[in-house]
Structure formats: structure tokens, C-alpha cells
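Peer 1: Listed below, chain by chain, are the residues.
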Amino acid sequence: MSEKYLLEMKGISKSFPGVKALQNVNLQLKAGEVHALLGENGAGKSTLIKVLGGIYHAEEGEIFIDDQKVEINDVVAARQAGVSIVHQELVLVPYMTVAENIFLGREPGTKMNVDRVKMSRDAQELLDAYDMNINADTLVEKLTIAQQQMVEIVKAISFNSKILVMDEPTSSISDKEVGFLFETMRTLTAKGVGIIYISHKMSELEEICDRVTVMRDGQTVGTRVVKETNKDALIALMVGRELTNYYTRDFLEPGEVVLKCEHISDGKMAQDASFELRKGEIVGFAGLVGAGRSETMKAVFGLAEHMTGDVYVKGKKVKIKSPVDALKYGIALVPESRKEEGLYKVQSVKFNSTIEVLGEFIRHLHVDNRKEEEITQKYIDMMATKTPSQEQVIGNLSGGNQQKVMIGRWLATNPEILILDEPTRGVDVGAKAEIYSIMNDLVKEGMSIIMISSELPEIINMSDRVYVMNEGRVTGCLNHEEAEQEAIMQLAAK
Amino acid sequence: MASRAKNGIVKYFKDNIGIIIALIAMCVFMVVYPKTRTTFMTPKNLFNILRQNASNMFLATGMTMVIILGGIELSVGSVIALSGCVAAGSVVYFHLPIVVGFILAVLVGALVGVFNGFVICKTDIPPFIVTLASMNIAKGIALVITGGAPIRCMEPLFKWPGAGYIGPFPVPAVLMIIIFIIAVFMVNKTQLGRHIYAVGGNAQAAKFSGINVEKVKFIVYTYTGIMAGIAGVIIASRLYSGQPTAGDGAEMDAIAAVVVGGTSMSGGSGTLGGTLIGVLIIGILNNGLNLMGVDSNWQYIVKGLVILLAVYVDWIRNKKAGR
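Order-wise, the sequence lines are chains X and R. Quick note: the first sequence uses our numbering, first residue 1, plus one each step. Quick note: the second sequence uses our numbering, first residue 1001, plus one each step.
If you're looking for bench data, these hints aren't it; they were derived computationally from the structure. Computed from a predicted structure; not experimentally measured. Any given hint could turn out to be false.
To be verified - If the Cβ cut is set under 10 Å, some of the chain R residues that face chain X in the computed set are:
1) PHE1185
2) ALA1198
3) GLY1200
4) GLY1210
5) SER1266
6) GLN1299
Using N, Cα and C, we set each Cβ at its ideal position, and we do this for glycine too.
This is chain R alone, in the form it adopts within the complex (with noise of 0.2 Å):
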């Protein structure tokens, strides 16, 4: 049993070993380079950076699942502003427990992953098609509820989530860790986990193979959107308000991290331990990037370049594998 773990952990560096390396050289360059040399590795600064990606990690697992099904999914960060919303609306505007507004806001997330599930499964429309109208539609009802301000919302319950603390550990670095420890079990240690990967290979013939296609889809997607509520509401807590604007592109980050974590496109392969350090990669990038002070808008520029390197990485090294 030691040695088949010890066989899993030598083959996850050794499918992995492109990211690693790059993930490791970033952080080596933010402690060699003047400007960070002091701020990067500091207990508050790692804190921070888990705590400010957890939500993409979130978003990340049911993107990971969404992709390797042979799917895509951008409504997430519209659900991420109006689950934000419903819960500060719920406490603010009517006066619900806070954790009532929690579950409301979650079940708001499940909700679009459940529209988004039910239209792939029933019609023919392409999920991009979908989610890109839900992801409309999401946006559209947060700003008609708020009409387009924040909610704020200062007490202390609300803040705990996105701003507190567990021990010495920030709160979403810690449901971070869980939301992935469940999400490798749901993908590696269930029969679901393999439909997934089937349906996502070759539906048709999952099909044949006896496999409920339309479920395996439901089931992600539906994941997927309650992932994007909870997200919604860590980053609500976090700056102590629902803001229709939140989560602004925050599917494209997800994507990022998916892709860049080896995940392929086409559907069929891609593994979770890839969208960690997908995730890890993406975040450092963001946090190195602020740390040295570099311009906001210029900032796009060098993610954009960094991810196209990376996916550019995996392809030369599947290409001399001949796979």
C-alpha cells in the first residue's frame, strides 16, 4: 500500500513536472527580486494568497469537472455577484438570520447550475451557448435587485467567512482545502468520478456503456453553480458587501487555472492535482505581480502571455510523449 502511494505521488510530479517547475520558479524569483525580497514569503502574504484564490479554487473543481466533461461553463462569475447579493439583500433588506442568508445564497448558486444543467441535458445547445446566457441573465437579475449599488452589510457573522479566522488560518483558505479534498474524492474515489471522465471521452459510447449521461451532466453542473454560490458568498463576506459587479470575469480565471493545470480542452482528461497548481500559479501570478508594483492594466498583458507559455509548455511535452 506505502509503495502504491509512494507510485502516486512519483507519477503526479512526474505528469505535472512543467507547472511545478514554473510554479517553483515564480516563487524563487519573488524571493530573489529586491522589491519582494521582504513582503513575498511572509506568513501574512502566503495567508493572503490563499485567501484571496480560494474562491477560484472553488470555482476551479466544478470547472475541472465542466472541462474534462467536454463542457464549458461562464455563468460562474455572475452567480458569484448574485449569490453576493441575495445573501447581504436577505440580512440587510429582510432581516434574515445571517446564516439563512448563506444557505439562500448558496441555493441561489444551485439554482443556476441546475437551469444550466437542465438545458445541456434536454436540448442540443452547446453548454457555451448556455451558460453564456445564463451568465446574462445572472448578472442582469443582481443588478435589478440592487439596483446596480452594493449592499453593505458590517456584522461580524457576515464578515467570518471571507475574513476570519480559524486558529492562525484565514476561513477560506481552510474551506478551500476541504472543498478540494471533497472534490478529489467525487472525481477519484467514486463511480461518478468515472462517468464523468467517460461521458467526457466518448459519450456515445458512455451510452452503450449503460452510463446515465444526462445525470453525470446534471450533477456537474449543478455542483459547479452551488461552487460559484459559495464562492459568491466568501467573496461577499470579504469586503462586507453584495456587489452586482463582483466576480467580474472571475470564469475566465478559473478556465486559466484549469488549462494551465493540464486539463485538455477536448474533454476526457485532466486531473484535480493539475488545477491546484493551476490555481497556485494563477494566484502568485496576481499577488506577484501587485507586490512589484506592477501597473493593473499592464498586469493582463502578462497573464494572458503567462498562460498562453504555460499551455504552450504542455502541448510541446504531450507532442515528444506522441500523445
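Chain X with its partners taken away, still in its complex shape (with noise of 0.2 Å):
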């Protein structure tokens, strides 16, 4: 090809221990473009993007910028080189100003005279540069997380990059703050910045991406024209198969009503929310981000601190006061924050599988191993978790796998009543259709689901009902054929 790049990775190879993360991979970045990073968890994107960002060296291959060759050794390099990368976790200082966050380490003036004046007045502009709408003096812990993405990116462009790396800077942020986001990337783009954009949101793709580099297992299967293929080619890409189900579900007709809530409220987040469930459903629950939604089923769950409202289980009204309540009465909730809520990211898969049904093999001062064994491979298989083992440390799985585990606790209560708040998020399409596909075995059983989940396609083609939350309350509840994307955001504004 005779075309210029900005951006050429040339025969990239990398192993660890027992893993080759990285089998000669190739990646061609233009100036000016978005280029989309696509695969699976554990497909080695982040293993690349942390060989171009220095933080990894590579066995084999090369790096051209602006065809020059350069050797990336450490962070420092990957900076003076022209790349900055917008990790997923934000690793900003919270208790420092934007403008501090952004200049830190390299603050104008004297070493040991800030001349704070100067840092404040180039960071605003900056940020105004981008029509951001942030003061530079603000404390970062007082902005919303999109803010912060925001501050992250200028500040990763203070450096002058020409290489942007993103990596799944929507995953946390509400739909608004996604098309601010976009804004700035294509203000990026116009000045000649290249992107590189790791997502797994499919839909976002087509909006902001020009073209697309698809990976699997530690290789580039293909780079396509965003313009010129679609959802289910890359999809079939990514995952080496072609997905025809990617939605499983068989709507049947539901049977009794098992949940039924009125007047939810919480004192905070959730207002007088009331509704209902039967056996069979599943019945979804759609807002914006911050609607109320967590908080309501929290409350239910008996995890708020003054839940008002009354709770019926199979008609009968019943007092929850804690988990503990709830676990009894049948209902388990997979919680919406995988990291800060559901892993004990430390302790192996078996402990994560186990901890809540330790009564049925923990009895006596003795513990039936083999019974915590079989409970465990129960749920693995399941799921069809992919672990090495029993114990090996869950911090070290995909998000995919750590959801697995997490859903798989759950059920191992046996409830009848399940609420996944957010079951897919972070994960990979691959595991995204086989936890729909198990849904709709779940509920085929006689289980009854609740799905909070800010991705309405997933809401619209698995719910046989949908809620729609807003400040706390319930504004409209539509059936499977009236729920449709306009339908859902009208009463999402409501």
C-alpha cells in the first residue's frame, strides 16, 4: 500500500509465562482518523496498547511514526514519541484541581515556586480550547466521571500527542455525556490526531469510527471499513464463529405474579416506585443513569438504610430488612458494580462461588471440601466459565468470566426471584450472548428476572415487560412489541 501512515505496528509479538498474549500483530493507524480496536476480552488489546504505551516491551516487531522507526521502551518514550493513552480506570487525583491534575509533574514555574497563576490560565485554555465546560480550579472529586474523562483526554492532548489511545472511555458515562464525548474526539480528529478507540459497544462504532481492527486470541484477524461491513460480520470476526442467536429468548406465557412492590422509596434516589413481576418474566428495567433504578432494587433488596414501601413475595407481604431477609424470601440481586460490589478480587474463584450457601458445607467446625467443589464446578460449568482452575485468583479473569462467577454465586442460592443490575456491562459479546442465552433458560425453569440495564438494545430484544424509571419513579411500563428505542427514551425524560 502506498498510503501514509501515522501509525504502523509492525509484526508485534509478546508472551508471558506460559501465554503468547501477542502473535505477530499488525496495526496501521491514518491521521485524522478514529480506528476502533474490536475483540474479547483477553483477545490482547490491552497488551497492545500497553506495548505502544511503553508499559510492555515486545519481543518482536517494530513501530513506525510518521515512518520513522522508534523503539518504545518505557512511559517517558511513548510520551515524547507522540502517544498518550485515557486508561479505563481514571487516575486522577481527586483532592487536586483540574488544573493541578493536569499539569502534574511538569508544573510551571520554579521547583519550588508553582506559579499557579500560569497553571490555572493554561489549563483553561485548554479546556475552552475543546469547549469543555470545566473550571480549571475545580476539585476533581466534585466533577461528574464523564468530566473527568473529559480532563483525562486534555490532558492527555497537553502533550502534544498525535496518537490518542482510548480504552473503553464509555463504559461508566451516561448516553448525553457519550455524544459530548464524541464531540471532542472528532475536534481531535480534525486537527490531525489519530485514535485509537477500544469499546464494546457495538453501536458506537458505526457513530464515531472510520475504520475497525478486529483481534482475537492474540492476533489481528482483519481491519475493515466501518462504512462497509456490518454488526454481525465483525461480531462473527471477533468471535471466529458465526453468532446467529446473539439474542436468545422464548417469549412464553408468564405465569403468577411472585413480586410485587408498591411505593419503593429510599429517601434518596428512589421515589414511590411501584411493580410488579410474575413468574417467567423477564421484565426489564430502562432509564438514564441515575434514574433511581439501583437504588430501588437496593432498597428492595434491604439494602437501604429508611426503605419506605410495601413488598409482596407470591401475594404475601413480607418485612425485608437485610440481605439476609431477602436471600430468605428467595430474591438475590448480581450487583451493578462488579469491582466495588460483588468480587472478593483477592480470594480464589471457589471462594467468590461459595460465599453465600457456606451453610451448605460448612457445618460443625468442618468443611466438606468436596461438597464446596462440586457447588463451585456446578456454576463454572453452567455458566461455561473459563478458569483455569478453582483457585485461581478471580482478579486475574476477563470481566466476562468475573460476571460468570458473580451471576453464578447468586444462583447458587436457588431464588426464584433474580435482579442483575447491569449484567453485561464490561463484558465481551461472546460471554454477552451466553448470559442471555442462560436468562432465557433461567426463566424457561420458572425463574422469575429483573433487568436493570442502560443498553436498550439488550432491553428491548430480552424483556417480555419494560419499566421506565426517572428521578426515582416509575413513568410508563411498556410491553415486549410497544418497547422500542423512542417509545423507552420518551419515558426515560419524562
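Build the complex: two chains, separate frames, hints provided.
Peer 2: Given below as C-alpha cells:
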């Protein structure tokens, strides 16, 4: 090809003890394009990015920037070569101002006397240049997650980078904020910056990306122009096979009402929410971030401090004061934020799988190890979790597999009512399809599922009925047939 | 079953290989070094080591649980002083039966534990601050009730827990083994044990798991208080007196043993098996330095360096294993 590339990575290979993480990987980025890097968790995207960012050193391969061969041996070298990375986890200092964060480690003025006025002014100029409505003197902890992300981007740009890598920047921000983020990205590409964009969300690809490179098992399996391909073709590339049924769902006639909640409030985010759930039903909860969906469910699950309202399980009024009560009535909740509310990160898959059901194998100062392993294995098999062993530290698994262990943990309690809060967040497509299929199996066996999700396609395709919430109230309920994007969004803003 | 037990032992050695080698190396050194060759490897000295370190073992079992919980407990040293003085004081001043004195002493330890547990559960004040406060309060009470002077008690029964023998074995050594086994069962064979790891690993997740986080913390701090109370009785008994300055810095030896034993200060992981080796390393180090005639001021420096080295080696190993 005679085309000129801003960045070329050629034949990159990198292995870790026992694993070939990258094998002869090639990536070409043009100036002014947004280039998506797509692949399941564990496909090698992060490793590739770390090689580019100087965090890992590749054993083989060459990197060219503007046709010049560069050696990127550490983070500083990467920066000098014009590469900046916005990581998935934000790394700003919360108790410092935006300006202090942007210029951290390279403050203007002398070593002993920082020129705060200049720092603040320069930072504000940068922020304004990208139309960001953020004051440089605000403390970072006062910003929303999306705004913090913007600050990260400005910080990255302020190194005069030509190449910007963004690792799942939209995984925790609302749709409106995503729109703003995309605006910023367009401004950048117009100035000739090349952006490598990692995301699991297919819909974003079409909106913002020019080309896409797909990785699988540590190799690049193809680069496509986004306009000339489609979602199914890309998914097929990613998983290496056709996924005929992305959403598996047999809509059967639901049974009697198993859960009825009336006027649920927690005094804060949940305000008088009422809804019901039938046997064998998947009920979706849609709404914007901050609509009070998670809080409502937490209140039902006994996690709110001041909960009011009535809960009926199978027609009988119950008092749920703690998760222990909830479990007793057959209600389980898989929380929204895996890392903060779910995982025991330093512990094994086994520990994480069985923590809800200790009573089944620990009794009278005796641990029935065989039973414990049986339970663990049962849910590893059921969820098709990929783990080298039960003893594997869960923090080392991919997001999708962690989520499968989380769902398995709560299924082990044999719930009749399963509340899933964002069950597929940070989960790759292959695992998503598997989770949908398992949900379908579960309701067919008579379980009832409440699914909170911010991904409209999964709400629309999986739910018998959809409740839409806004400002802590239920603003409407739609049948499967009525549940379409516009109808839901209208209710979400009501 | 047999193979499972064998696997457990193999795993134990594998997980703790660094400190086990350190322990063996120290013992070999003592046996070879001219000054300690004849004195170290004698039954008398070995029993002595066990006797002197029993109290640290009691503290360290509790401290292990506290640190797995992600907390810290600084008041145990002061509790040793306070409970020792209560034991001796009850007997000498109030003429209570010696056994009652011992029980009161342990209860006082439990009370401090309950206080720590209660404040830590009901407020957001960090355990470091809460136990720093109770450390000072307990120490102060011990000084106030004794007027700063030791309370001597020479009754044979009073001397039994710290200086007596059961057959050829020193009583503290026997108690230490019993307490260690109880703690191992608590941590490894009960639901409470799993809950401790869960709360220390991720308190928020534990709440979602329906674990009563406050109850777990409360039990662990109370248990640690009781252990400190028992340690106080043993030490008072060994010294034939309740001394308001006993147990000075004992909390630091306990923390050192736990950390050398591989328990992470960030919570969520650690084992009592590691702590056992940690206690022995600290104990043999103290004993060896004494036998070698190292100046007591220098002993602190050596001890500090050994702690740093042990934790450093552990850190390197974890880094290599990619944990």
C-alpha cells in the first residue's frame, strides 16, 4: 500500500510465562481517523496498547511513527513519540484541582515555587480549546465521571500527542455525555490526531469510527472500513464463528405474580416506585443513569437505610430488612458494580462462588471440601466460565468470566427472583450472548428475572415487559411489542 | 482424604517457603555459631522460647484476624498491662480467689475489645485511631490503679499459668498450642472465618452478600481483646506481679509476626499458618540475639532489618508470581 500511516505496528509479538499474548500483530493508524480496536476480553487489545504505551516491551516487531522507526521502551519514550493513553480506570488525584492534575509533575514556575496563576490559565485555555465547560480550579472529586474523563483527555492531549488511545471511555458515562465525548473526539481528529478507540459497544463504532481492526486470541484477524461492514460480520470475526442468535429468548406466557412492590422509596434516589414481576418473566428496567433503578432494587433487597413501601412475595406481604431476609424469600441481586460491590478480588474463584452458601458445606467445625468443589464446579459448568482452576484468583479472570462467577454465586442460593443490575457491563460479545441464553433458560425453568440495563438493545430484545424510570419514579411500562427505542427514551425523560 | 491432607501440607510449605527457609537458616546459624552452639539447641532453651513467645502468639492470632479484616489493633500491649494489674490487684488488694482474679483480668481484656469493636462498628473512625485511643486509656488506667508501682503476688497458683509445668511442658507453651488450634478452627472451619476474609477483601461486597459486617468486626475485636487479656495473665504470672509497664510495644511484635507471616496489610488475605512461623522467627531472633550477647539497644536495629527483609522477600516473590 502506498498510503501514508501515522502509526504502524508491524509483527508485534509478546509472551508472558505460559501465554502467547500477542502473535505477529499488525496495526495501521491514519492521521485524523478514529480507529476502533475490537476483540473479546483476553484477545490482546490491552497488551497491544501497553506495548504502544511503553508499559510492556515486545519481543518481536517494529513500531513506526510518521515512517520513522521508534523504540518505545518506557512511558516517557512513548510520550516523546507522541503517544498518550487514556486508561479505563481514571488516574486523577481527587483532592487536587483540574489544573493541578493536568500539569502534575510538570508544573510551570520553579521547583520551589509553582506559578499557580499560569498553571490555572494554561489549563483553562486547553479546556476552552475543546469547548469543555469545566473550570480549571474545580477539585476533581466534584466532577462527574464523564467530566473526569474529559480532563484525562485534555491532559493526554496537552503533551501534544499525535496518537491518542482511549480504552473503553464510555463504559461508565451516560448517553448524553457520550455525545459530548464524541464531539471532542471529532475536534481532535479534525486537527490531525489519530485515535485508537477500544470499546465493546457496537453501536458506537458506527457513530464515531472510520476503520476497525479486530483481534482474536492475540492476533489481528482483519481490518475493515466501518461503513463497508456490519455488526454481524464484525462479531463473527471477533468470536471466530457466526453468532446466529445473539439474543436468545423464547417469549412464553408468564405465570402468576411472584413479586409486587408498591411505593418503594429510600428517601434519596428511589421515590415511590411501584412494579410487579411474574413467574417466568424477564422484566427490563430502563432509564438514564441516575434514574434510581439500582437504588430501588437495593431498597427491595434490604440494603437501604430508610426504606419505605410494601413488598409482596407470592402475594404475601414481607419485611425485608437485610439481604439475609431477601435471600430467605428467594430474592437474589447481582450488583451493578462488579469491582466495588461484588468481587473478592484477591480470593479464588471457589471462595467467590460459594460465599453465599457457606452453610451447605461448613457445619460443626468441619468443611466439606468435596461439596464445596461440587458447588463451584456446578456453576462454572452452568455459566461456561473459563478459568484454569477453581483456585484461580478471580482478579486475574476477564471481566466476562468474573461476571459469570458473580451470577453463578447468586444462582447458588436457588433464588426464585433474580435481580440483575447491568449484567453485561464490561462483558465481551461472546460472553454476553451466553449470558442472554442462560437468562432465557432460567426463566424457562420458572425463575423470574429483573434486569436493569442501560443498553437499550438488550432491554428491547430480552424483556417481556419494560419499566422505565426517571427521577426515582416509574414513568411507564411497555410490553415487549411496544418497547422500542423512542418510546423508552420518551418515558425516560418524562 | 489422605491426599487432600497431603496437598494441604505441600501447599502450606509452598506458600510459606520464603519464611520457612529463613526460620531454618536462623536455627542452623544458632547451632553452628560458636557462642550459641551449646546453648541454643537445648530443651531448656527451646521451652524457654515457647514460654516467652506464648503471649505474642495469643496476640498474633487476634492480630491476624484484625489485619485480614483490613484493620489494626494497637491497644493489645496496654491491655496486657491492665489485665495483669487487675489479676494481681484482685488477689492482693481485694483478697479474691486467684482464679477469680484471672477471670476478671480476661474480662477486662474482653471489655477493651468490646469497646474497640463497638466504636469501630458504629462510627467511621479508622481502627488505627480508635485503638490508639484505647491503648492510651488502658495504659492510663493501669498506671492510675497501681500508682505506677508493680503489684507483687507470690502465691504458687498465681505463678502457675506463666511459670508452671504440665508434665515436662511449660504451661504457656501448652496454652499457646491450644489457642492456636482454636484460632485455626475459627478462621478455617467456620462460616465466620470466611466472612472475615470477605469483609477484609471487600466490605461493600460483603454487605451485598448478606454478611453482617459489623458483627464480624465486633467479634474479631472482642476476640483480640480476650487474647490480650489472657496474654496479660500469663505475663503477670511469669513476672509474679502485675506491672503497669508490662506489654510495652507488644502490639508491634504481634504486628511484625503477622506481617512477616505473609498477611497483607491491605486486608483480605493472610493465614494463621504464616503467623505461626512469623511468631517463631521473631521469638528465635530475640532469643538468639540474647544468647549471642548482642547489646539490647542493637537488638532493635537487627529486628527492624529482619522484618524489612522478610517482607521484602515476600514482596519480590509475589511480584514474580504476578499477584
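Peer 1: Interface hint check: GLY1200(R), Cβ to nearest Cβ on chain X, cutoff 10 Å. Holds or violated?
Peer 2: Where the cut-off is 10 Å and the nearest Cβ of chain X is about 9 Å from GLY1200(R), the hint holds.
Peer 1: Should the interface hint for GLY1210(R) be scored as holding, given a Cβ-Cβ cut-off of 10 Å against chain X?
Peer 2: Hint on GLY1210(R): holds, closest Cβ of chain X at ~4 Å, below 10 Å.
Peer 1: Verify the interface restraint on ALA1198(R): the C-beta must sit less than 10 Å from at least one C-beta of chain X.
Peer 2: Status holds, d = 6 Å.
Peer 1: Can the hint on PHE1185(R) be confirmed by a CB-to-CB distance to chain X that is less than 10 Å?
Peer 2: Check passed: Cβ of PHE1185(R) comes within 5 Å of chain X, closer than 10 Å.
Peer 1: Hint validation: GLN1299(R) versus chain X, beta carbon distance must be below 10 Å. Holds or violated?
Peer 2: 34 Å, violated
Peer 1: Would the hint on SER1266(R) stand, with a C-beta cut-off of 10 Å toward chain X?
Peer 2: 9 Å, holds
Hint 6 from the list above is the single one not met by this structure.
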